[in-house]
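S.K.: Quick note, the sequences are listed as chains A and B, same order. For the first sequence, this note's numbering assigns the number 1 to the initial residue and increments by one for each residue that follows. For the second sequence, this note's numbering assigns the number 1001 to the initial residue and increments by one for each residue that follows.
Treat each hint with caution, since some may be false.
[Unchecked claim] Derived EDC-like pairs: lysine to aspartate or glutamate, alpha-carbon spacing no greater than 16 Å straight-line:
1) K1102(B) / D1046(B)
2) K1251(B) / E92(A)
3) K31(A) / D57(A)
4) K1071(B) / D1048(B)
5) K109(A) / E1158(B)
6) K1251(B) / D1133(B)
[What the hints assert, rightly or not] These stretches of chain B come out as covered by chain A in the derived footprint (C-beta under 8 Å, 3 or more residues):
7) 1089-1103
8) 1211-1221
9) 1227-1240
In short, the hints are calculated from the structure, not lab data. Here a beta-carbon is modelled for each residue, glycine too, at the ideal position from N, C-alpha and C.
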Amino acid sequence: MAAQETKERKLPAPAVSQETQAYWDAAAKGKLLVRKCMGCGQAHHYPRTICPFCFSDKTEWIEASGKGTIYSYSVMRRAPVPYAMAYVTLAEGPRMVTNIVDCDFDKLKCEQPVKLVFKPTDGGPPLPMFTPA
Amino acid sequence: MSIKGKAYIAGIYEHPTRLAKDISLAQIHAQCAKGALEDAGLTKDDVDGYFCAGDAPGLGPMSMVEYMGLKPRHVDSTDTGGSSYVLHVGHAAEAIAAGKCKVALITLAGRPRAEGMATGTVPRSRGGTPTPDEPFEFPYGPTVVNMYAMCAMRHMHEYGTTSEQLAWIKVAASHHAQHNPHALMRDVVTVEQVVNSPMISDPLHRLDCCVITDGGGAIVVVAPEIAAKLKRPKVKLIGAGEFVKTQMGGKVDLTYSGARFSGAAAFAEAGVKPADIKYASIYDSFTITVLMQLEDLGFCEKGKGGAFVADGNLIAGTGKLPFNTDGGGLCSNHPGNRGGLTKVLEAVRQLRGEAHPAVQVKNCNLAVAHGTGGSLGLRHGSATVILERE
Chain A
1 MAAQETKERK
11 LPAPAVSQET
21 QAYWDAAAKG
31 KLLVRKCMGC
41 GQAHHYPRTI
51 CPFCFSDKTE
61 WIEASGKGTI
71 YSYSVMRRAP
81 VPYAMAYVTL
91 AEGPRMVTNI
101 VDCDFDKLKC
111 EQPVKLVFKP
121 TDGGPPLPMF
131 TPA
Chain B
1001 MSIKGKAYIA
1011 GIYEHPTRLA
1021 KDISLAQIHA
1031 QCAKGALEDA
1041 GLTKDDVDGY
1051 FCAGDAPGLG
1061 PMSMVEYMGL
1071 KPRHVDSTDT
1081 GGSSYVLHVG
1091 HAAEAIAAGK
1101 CKVALITLAG
1111 RPRAEGMATG
1121 TVPRSRGGTP
1131 TPDEPFEFPY
1141 GPTVVNMYAM
1151 CAMRHMHEYG
1161 TTSEQLAWIK
1171 VAASHHAQHN
1181 PHALMRDVVT
1191 VEQVVNSPMI
1201 SDPLHRLDCC
1211 VITDGGGAIV
1221 VVAPEIAAKL
1231 KRPKVKLIGA
1241 GEFVKTQMGG
1251 KVDLTYSGAR
1261 FSGAAAFAEA
1271 GVKPADIKYA
1281 SIYDSFTITV
1291 LMQLEDLGFC
1301 EKGKGGAFVA
1311 DGNLIAGTGK
1321 LPFNTDGGGL
1331 CSNHPGNRGG
1341 LTKVLEAVRQ
1351 LRGEAHPAVQ
1361 VKNCNLAVAH
1371 GTGGSLGLRH
1381 GSATVILERE
């Protein structure tokens, strides 16, 4: 069974903002950052400077372990190169929009353990994605 | 202050076109406005409130107000995607109850087919200043269909919902569409045909998706003293609710929609229960959209939607809850990729006794119309209205 290679897919560069520059700088170094609130102790995603749970402005970057599980996924078949859209539940708590890559799409399952990988984009920082652990 | 009994739907119009190659966007808006005002027995000069959403050309309501020669003293261009027009009915009632207008016109139009838009299968960036979410979503390739598909996938995982159960929703819509001469798809389909249609994004097949059509529609909402002078059957608004459901900072839960909250608010205001409803217009961008909203509106227990929709339970004449008797977005019309307005239209037809005789619900005195706009799997606006025949 041939894996659907995502390297054939041209990924658009994310639009980096002042608020999330550090997230993308870390991605370029192979690290996934998560924003954590020192007020309520909860991590959130996508990252904001003001916590969406308690509205405290005492939020900080933490480095994610890169471990997670698939919350849900869908293989987009009607695309020039099929790809697996997913929500992954990070070990740190938040669920993030991502892709599952370098695997047999027909064997994916909800709650499957996955680990972090990065994929290059077209002229921008790389995107955090996941592959079966 | 409640809007219960403070406003009536006096006029409706659905544009018959499904492919508007030779008509402009503004022209469709105006043709729909004219049709709905004539249906009500009112004129353009009676309109003192105007409502539209992001499908209208120009900045908010201004270009269409000018094009149609309106002189509104109240405008509202709240955009919650396809649910906007259901939400507008509630907002129009609020404005009427507050004395800000007496005749509110709501219009919708779109030309995605004529413009050759790849509606469901291509990721779209809005352009301009990116939304805060965009960098964390758009590069991954979210499309309309794969984000709804992820809701279906999780629903199947948690509750054992099957593709065959989802297919029954399309089957029911197709049974209704065969009677609608304007419907894009009029062929009755079977569960086998739906599950054997090409997979677009797992687990949603081609026939789990709605049609892509051009067209539009309009609604005229009026104050009670205006409704009393008109000759059309009286359809009273007795409850309305709205909600915006998001990814909640990463506490994503794809198993329910904002209908849980918009529906609860509307039913509470109306003082009725789902079991009292004789007819339901349910937003049907995809089969999974219908299933989740039925659960969230309280027509069945969470997770039991699959069993509820199976075996023809949504088909008029045989099922317990007739839904989308015009064929809905799944078979008839999803003008401009925004299906909320047409949901209100068929609910009004049912309450007036003006639905096609083959699908008209007997003694239809209470109906719900519900919309979901945006993306069920990313963030969406929900709106619910409850309508009563007087």
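S.K.: Next, verify each hint and record whether it holds.
M.R.: How the hints compare with the structure:
| no. | hint | result |
| --- | --- | --- |
| 1 | K1102(B) / D1046(B) | 8 Å, holds |
| 2 | K1251(B) / E92(A) | 12 Å, holds |
| 3 | K31(A) / D57(A) | 23 Å, violated |
| 4 | K1071(B) / D1048(B) | 6 Å, holds |
| 5 | K109(A) / E1158(B) | 12 Å, holds |
| 6 | K1251(B) / D1133(B) | 15 Å, holds |
| 7 | 1089-1103 | violated (count 0) |
| 8 | 1211-1221 | violated (count 0) |
| 9 | 1227-1240 | violated (count 0) |
The structure fails to meet hints 3, 7, 8 and 9 from the earlier list, while all remaining hints are met.
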